[in-house]
Every structure is written in C-alpha cells, then in structure tokens.
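Listed in order, the protein sequences are those of chains A and B.
Last residue of the first sequence: 109 in UniProt numbering, with the numbers rising by one and none dropped.
Last residue of the second sequence: 109 in UniProt numbering, with the numbers rising by one and none dropped.
No lab work stands behind these hints, which were simulated from the structure alone.
Worth double-checking, as some hints may not be accurate.
Pairs involving identical chains hold if they fit within one copy or between any two copies, as the list cannot separate such chains.
Within a straight-line C-alpha distance of at most 27 Å, the following computed DSSO-like cross-link-like pairs (lysine-lysine) qualify [claimed, not checked]:
#1 Lys19 x Lys43
#2 Lys19 x Lys103
#3 Lys17 x Lys103
#4 Lys103 x Lys15
#5 Lys43 x Lys27
#6 Lys27 x Lys103
#7 Lys19 x Lys85
#8 Lys15 x Lys27
#9 Lys103 x Lys26
Number of protein chains: 2
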Amino acid sequence: MEEVKGFVRRVLLFKFKAKTAPDHVKKLIKDYSNLVNLVESLKTWHMGKDASIENLHEGFTHVFELTFEDAEGIAAYMVHPAHLKFHERISPHLEKIVVIDYKPTSFHT
Amino acid sequence: MEEVKGFVRRVLLFKFKAKTAPDHVKKLIKDYSNLVNLVESLKTWHMGKDASIENLHEGFTHVFELTFEDAEGIAAYMVHPAHLKFHERISPHLEKIVVIDYKPTSFHT
Chain A
1 MEEVKGFVRR VLLFKFKAKT APDHVKKLIK DYSNLVNLVE SLKTWHMGKD ASIENLHEGF
61 THVFELTFED AEGIAAYMVH PAHLKFHERI SPHLEKIVVI DYKPTSFHT
Chain B
1 MEEVKGFVRR VLLFKFKAKT APDHVKKLIK DYSNLVNLVE SLKTWHMGKD ASIENLHEGF
61 THVFELTFED AEGIAAYMVH PAHLKFHERI SPHLEKIVVI DYKPTSFHT
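With these hints in hand, go ahead and build the complete structure from the sequences.
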C-alpha cells in the first residue's frame with residue numbers, strides 16, 4: 001500500500017432538515033463552494049447529491065469532498081473567519097452530519 | 001454548477017468490530033483493493049484511515065472511495081461474483097457502515 005502524497009481529504013455527509021427550502025439549500029451549497037476562493041488552504045471542493053441504488057446511505061442527502069495539502073491546512077480552515085461564518089449559517093439547517101478526515105492511499109498491484 | 005463528466009463515485013464509511021484482529025482488517029482491506037483487478041466496471045479504489053481532528057466521525061474508522069463510469073457500472077459491480085464473495089467475507093467484521101453514491105460536481109468561478 002502506497003500513500004498518495006501531498007493531500008489530506010475531508011469527506012462530509014449532510015442530511016438537510018426537511019423544513020429548509022430547496023432554494024435555500026442551493027444557496028448554502030453555492031456559498032460553501034465559494035470557500036475554495038476565500039480559504040487559501042482549501043485546495044479543491046466537490047459535492048454530489050445522493051444517488052444510491054442500495055439503501056445504506058442512512059438518510060444522508062449530500063456528499064462533500066474537500067482536499068487540503070496537509071493536516072495543518074485543515075486546522076487553518078477550521079478557524080478561518082470565512083469558514084466560521086459559513087458554519088454558523090449552515091448549522092441550523094442540518095439534521096445530521098458526519099465528517100471524516102483521511103490521507104487517501106491505494107494499492108498498486 | 002457543472003457536472004464532472006464520466007464517473008460516479010461511491011463512498012463507504014466502515015467501523016470494524018473491535019474483536020476483529022488488526023492483521024485480519026489489513027488482509028480484508030488488501031482483498032478489497034484487489035477487486036479493482038477483478039471487476040471491470042470498478043475503475044479506481046482508494047482508502048484511508050480516520051485521521052479526524054474534530055470528533056464528528058461517528059466512530060467510523062475507514063473511508064473507501066470507488067469510482068465507476070456510470071450507475072450501470074455500480075449495478076454490475078454489485079452482482080459481480082468477486083464482489084459478492086468479498087461482501088460475504090467482510091460483513092461479519094463490520095459494526096456499522098454507510099454507503100452513498102453520487103456524481104461529483106463542482107462550482108467553477
């Protein structure tokens with residue numbers, strides 16, 4: 001197993017509250033994506049809506065993938081004013097959330 | 001928002017049972033990675049261990065990222081004998097699991 005050098009990934013699963021209007025969800029996601037322009041240590045940002053064909057997604061509706069150069073980059077993001085402000089705005093709209101950080105590795109055979 | 005063409009991603013979060021020996025976890029993960037050599041529709045396979053600095057990972061210990069060309073590729077993978085055999089071997093060792101499929105998109109500003 002070989003480490004893919006040079007980045008740490010954060011995956012987030014969100015379930016938005018049913019009472020949050022779809023247009024407001026879209027606006028929040030647009031603002032979320034804009035953090036890549038505001039926070040130096042945030043290198044890439046991707047998202048996707050649940051499209052599961054099994055029923056093992058535990059009700060989560062959205063996936064977000066963020067990449068950083070290293071763990072220090074995540075720490076810097078966590079306390080960045082733009083992230084803190086966004087966090088305060090989105091939190092009331094989330095029914096549940098999982099956040100996990102990891103250094104992706106793969107097997108080369 | 002623009003769709004990244006040409007692939008569907010599956011993210012899985014696993015929490016292995018405490019009673020499963022670390023060496024057996026390693027073996028299972030190695031066998032898991034080998035599916036990329038056995039299942040035509042499985043295009044990439046990466047994994048990472050939890051390295052969270054927040055405590056929002058809900059006890060999940062491992063992340064897996066698989067990519068497929070399309071949803072049909074996932075469906076083909078689901079019923080592939082190599083996957084079914086692996087699924088049968090790993091299931092008794094998992095305390096909990098989340099599986100979510102999505103087409104990654106990103107904002108280009």
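Hints, verified against the model:
| no. | hint | result |
| --- | --- | --- |
| 1 | Lys19 x Lys43 | neither (32 Å within a copy, 38 Å between copies) |
| 2 | Lys19 x Lys103 | between (35 Å within a copy, 25 Å between copies) |
| 3 | Lys17 x Lys103 | between (30 Å within a copy, 22 Å between copies) |
| 4 | Lys103 x Lys15 | both (24 Å within a copy, 17 Å between copies) |
| 5 | Lys43 x Lys27 | within (21 Å within a copy, 33 Å between copies) |
| 6 | Lys27 x Lys103 | between (30 Å within a copy, 19 Å between copies) |
| 7 | Lys19 x Lys85 | within (22 Å within a copy, 42 Å between copies) |
| 8 | Lys15 x Lys27 | within (16 Å within a copy, 33 Å between copies) |
| 9 | Lys103 x Lys26 | between (29 Å within a copy, 16 Å between copies) |
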